[in-house]
Amino acid sequence: MAATSVPATSTRSAPTPNRTDRPVPPIRCWRSPKVEVRGGALAGKGVFAVEPIAAREVVAVKAGHIVDRDEVVRLTAEIGDQSLQIDNDLYLSPRTAEEVEQTSIRMNHSCDANVGFRGQVIYVAMRDIAADEELCHDYAMDRTDDYRLECHCDADACRGVVTGEDWRLPEVQARYEGFFIEYVATKIREFGN
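If you count the sequence shown from 1, you need to add 24 to reach the numbering used here.
Mixed in with the good hints, there may be bad ones.
Claimed, not checked - DEER-style ranges, computed between Cβ atoms:
| id | residue 1 | residue 2 | range |
| --- | --- | --- | --- |
| 1 | Glu214 | Glu75 | 38 to 48 Å |
| 2 | Gln126 | Arg46 | 15 to 25 Å |
| 3 | Gly184 | Val82 | 28 to 38 Å |
| 4 | Leu193 | Asp113 | 20 to 30 Å |
| 5 | Asp113 | Ala155 | 19 to 29 Å |
| 6 | Gly188 | Pro49 | 25 to 35 Å |
| 7 | Asp136 | Gly68 | 12 to 22 Å |
| 8 | Thr120 | Arg213 | 34 to 44 Å |
| 9 | Arg172 | Pro47 | 33 to 43 Å |
| 10 | Glu122 | Val97 | 13 to 23 Å |
| 11 | Cys182 | Pro47 | 40 to 50 Å |
| 12 | Glu125 | Phe215 | 30 to 40 Å |
| 13 | Arg142 | Pro194 | 31 to 41 Å |
Hints were generated in silico from the structure; no laboratory data involved.
Yeah, the Cβ is synthetic: ideal placement off N, Cα and C, and Gly gets one too.
Please construct the entire structure, taking both the sequences and the accompanying hints into account.
See below:
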């Protein structure tokens with residue numbers, strides 16, 4: 025059997041550079057050009073419509089590192105709670121104070137939310153939202169871990185205290201049906217209330 029050789033003028037392409045040879049782009053969330061972050065009516069900074077937003081329109085997409093519960097507890101102590109729970113023990117979170125502004129949506133809680141989720145990281149309008157209206161979601165739509173938060177949203181539906189068990193409440197499930205983050209929607213299907 026004769027050995028074959030590859031001529032010097034081979035048409036084989038050069039090996040592609042290893043992905044680690046390229047700079048890693050910064051992690052960034054995305055917000056619709058129809059919204060802006062400014063001083064919130066409910067707390068700190070908030071997201072406001074700068075022009076009308078139609079029901080089911082995408083208003084933001086969360087970004088971050090995938091971290092486990094232990095790391096999110098450590099990060100929360102260092103940089104505040106900027107995470108989004110995507111499974112029992114998984115979260116999207118910034119890892120440094122420098123990443124907070126790039127990865128945080130800055131949407132406040134309301135017990136009468138106008139924004140919900142599509143899938144795991146996409147925030148969508150649950151109804152038409154008017155210009156200058158603050159966009160808010162209900163933490164019951166995306167949190168099942170152990171927490172307790174006194175709520176001051178002043179909505180007619182205000183629960184007064186928001187916890188990681190609120191996704192189990194029949195009235196919360198009915199109000200936000202179709203808008204829970206997929207992880208919580210799966211828990212509702214599996215466990216009911």
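**Prompt:** When the hints from earlier in the document are held up against this structure, which numbers fail?
**Reply:** Structure breaks hints 5 and 13.
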